[in-house]
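Just add 1004 to the spot in the sequence shown (first one is 1) and you have this note's numbering.
These are calculated hints, taken from the structure and not from any lab test. Some clues are possibly wrong.
To be verified - Simulated restraints on C-beta separations:
id	residue 1	residue 2	range
1	Gly1265	Gly1191	41 to 51 angstroms
2	Glu1253	Pro1197	49 to 59 angstroms
3	Arg1318	Gly1027	33 to 43 angstroms
4	Arg1120	Arg1315	35 to 45 angstroms
5	Ala1223	Asp1026	47 to 57 angstroms
Think of the CB as a built atom: it goes at the ideal place given N, C-alpha and C, for glycine as much as any other residue.
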Amino acid sequence: MTAAVAVDLGKTGCRAVLMSADGTAGPVHEVPGAPGLVAEGGVEAARAAVGAAVLPLLRQHTPAGLAAVCVGAAGAAAAPEAARALAALLLQDLPADEVAVTSDAVTAHAGALGGRTGVVLAIGTGSVAIGLGEDGSYARVDGWGPWLGDEGSGAWIGMNGLRAALRAHDGRGPDTALLAAATARFGDPDTLPAALAAGGNPARTAASFAPDVAHAAEAGDPVAGRIVRDAATALGKAVLAAAARITGEVLPVTVTGGLTGLGEPLMAPLRAALEGSARPLSPRPPLGDPLDGARLLARDATVPHEPHVVRVRRTTSPPSVPTMPVIPPAAV
């Protein structure tokens, strides 16, 4: 079997790994992520991010050929045609026999449960719960992006923390340590709207404030504590809604993603929210991350996730070397 590439493309970062013919994974190369396939220019931004992550690996290791490239991309579930368009473009750019594109939530599920059924809550800049049942039943709950959903996500926590800080700054809301934290991170509160938009990805910028909210909550700030508890409640509801829509007597449930790094201020109330489930749940630690899920899907098209993967196979000769012009994702 020839080599393959797995890519985890999120809104904050894009990670890629090259797997040799025997399945051994090399070092991970990481670059900035992209706003998501549903965003304006999202396909081209995703193409640029994948190229920036993958091309250095190919140039350094010069594999004879690639059996497949599998990309878990933010926004793919809500924009399947965009996912197919991205797969077709990457097939032009990379010397692969096949390109597979799916939601980063699907790769998170595959990685966390090792390709098996159950419910996975993926929380990072965004948030989504994915359920796969033993009979093929499928549920996707939330993941609607920062303006319509992603409740309890890093962007949601950060944005609510910044709103609370500005209410305190205006005198419209209670005093909170979040005002000092926002000023330390972003500068003068009067310039906060410009600071939020400056990087071209407001959701990612807002999510960078989530750890500050969690730290303030842990220190006893009541405003921050309420925000984090509300986030845990919203995330718990997403898991329970996904569990209610799939089959299985006892459902494995795991939580994955960078937001788990907030620790007990978030995870303790989330565990409490899941204890109220009417369905028997079996909480367990994740077996792997979304990049591990992309590695699995690059090699195996027989797992339960396959109906949710777009695969485009090559019908012409592949390019001998990657030819894609790399546009820095941060410039999008």
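The hints, checked one at a time:
1. Distance hint check for Gly1265 and Gly1191: the Cβ-Cβ separation is about 25 angstroms, which falls outside the suggested range of 41 to 51 angstroms.
2. Separation of Glu1253 from Pro1197 is about 50 angstroms and conforms to the stated range, judged on CB atoms against 49 to 59 angstroms.
3. Look at Arg1318 against Gly1027: about 22 angstroms separates their beta carbons, and that is not inside 33 to 43 angstroms.
4. Range check, Arg1120 to Arg1315: about 21 angstroms between beta-carbon atoms, so the 35 to 45 angstroms window is missed.
5. Range check, Ala1223 to Asp1026: about 49 angstroms between beta-carbon atoms, so the 47 to 57 angstroms window is met.
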